[in-house]
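Participant: One letter stands for each residue in the lines below.
Protein chains: 2
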Amino acid sequence: MIKARITVTLKNGVLDPQGKAIEHALSGLGFGGVGAVRQGKVFDIELAESDKAKAEADLKAMCDKLLANTVIENYSVTLG
Amino acid sequence: MIKARITVTLKNGVLDPQGKAIEHALSGLGFGGVGAVRQGKVFDIELAESDKAKAEADLKAMCDKLLANTVIENYSVTLG
Numbered sequence: 194m195i196k197a198r199i200t201v202t203l204k205n206g207v208l209d210p211q212g213k214a215i216e217h218a219l220s221g222l223g224f225g226g227v228g229a230v231r232q233g234k235v236f237d238i239e240l241a242e243s244d245k246a247k248a249e250a251d252l253k254a255m256c257d258k259l260l261a262n263t264v265i266e267n268y269s270v271t272l273g
Numbered sequence: 194m195i196k197a198r199i200t201v202t203l204k205n206g207v208l209d210p211q212g213k214a215i216e217h218a219l220s221g222l223g224f225g226g227v228g229a230v231r232q233g234k235v236f237d238i239e240l241a242e243s244d245k246a247k248a249e250a251d252l253k254a255m256c257d258k259l260l261a262n263t264v265i266e267n268y269s270v271t272l273g
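Going down the list, the protein sequences come from chains R and A. One gets our numbering by counting positions in the first sequence from 1 and adding 193 to each. One gets our numbering by counting positions in the second sequence from 1 and adding 193 to each.
Please keep in mind that the hints were generated in silico from the structure rather than gathered at the bench. Each hint should be verified, as a subset may be incorrect.
Which copy? The list can't say, so a pair holds if one copy fits it or any two copies do.
As the list claims (entries may be wrong) - Subject to a maximum C-alpha distance of 25 Å in a straight line, what follows is the list of computed SDA-like cross-link-like pairs (lysine to any residue):
1) K258 / G206
2) K204 / G223
3) K245 / V207
4) K204 / D257
5) K247 / G225
Source: prediction; values computed, not measured.
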C-alpha cells in the first residue's frame with residue numbers, strides 16, 4: 194500500500210479572495226507583518242499499489258481528471 | 194521575509210464526508226485500488242519576520258486562534 198499526499202494550490206496571478214479574507218482576519222487578530230496568504234487543498238490518499246511509478250502516474254491522472262482544475266491550479270504529488 | 198506552509202488535516206477518527214465523496218468519485222472514474230481519501234487545507238503565508246523561532250511561534254498561534262479547529266484538526270507548520 195502506498196500513501197500519497199496531493200497538494201493543490203492556486204496558480205500565481207489567480208485571485209484568492211479566501212486567502213485575502215484570512216490575511217485581514219489575521220491582521221485583525223493582532224498578527225503584524227502578515228503578507229500574502231494563499232489557500233489550497235491537500236488530499237491524503239491510500240493506494241493499493243506497490244509500483245511507485247504506476248502509483249504516481251495514477252495520482253497525476255486523478256489530479257488532471259478530478260482533484261485539480263488545471264486552468265487555475267497547480268498540483269504536486271508526494272509519495273510517502 | 195519568511196515563507197511558510199501550514200497544513201491542516203482532520204484528526205484520525207473524525208468523519209470526512211468530503212474525502213468519502215472523492216473516494217467514490219475516483220472509483221467511478223475507473224481508478225481501482227483507491228483506499229481512504231482524507232481532505233485537508235493548506236495555507237501559504239508570507240511573514241515579514243527574520244527570526245525563524247519567532248515566526249514559527251506566531252504561525253502556531255495563528256493556527257490555534259484562526260486557521261485550525263484543534264478539537265478535530267491537526268496542523269503542521271513548515272518554514273521554507
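Participant: Evaluate each hint against the coordinates.
Facilitator: Against the structure, the hints come out as follows:
no. : hint        : verdict
1   : K258 / G206 : within (23 Å within a copy, 28 Å between copies)
2   : K204 / G223 : neither (28 Å within a copy, 28 Å between copies)
3   : K245 / V207 : neither (32 Å within a copy, 29 Å between copies)
4   : K204 / D257 : within (15 Å within a copy, 27 Å between copies)
5   : K247 / G225 : between (46 Å within a copy, 12 Å between copies)
The earlier numbered hints that this structure contradicts are 2, 3.
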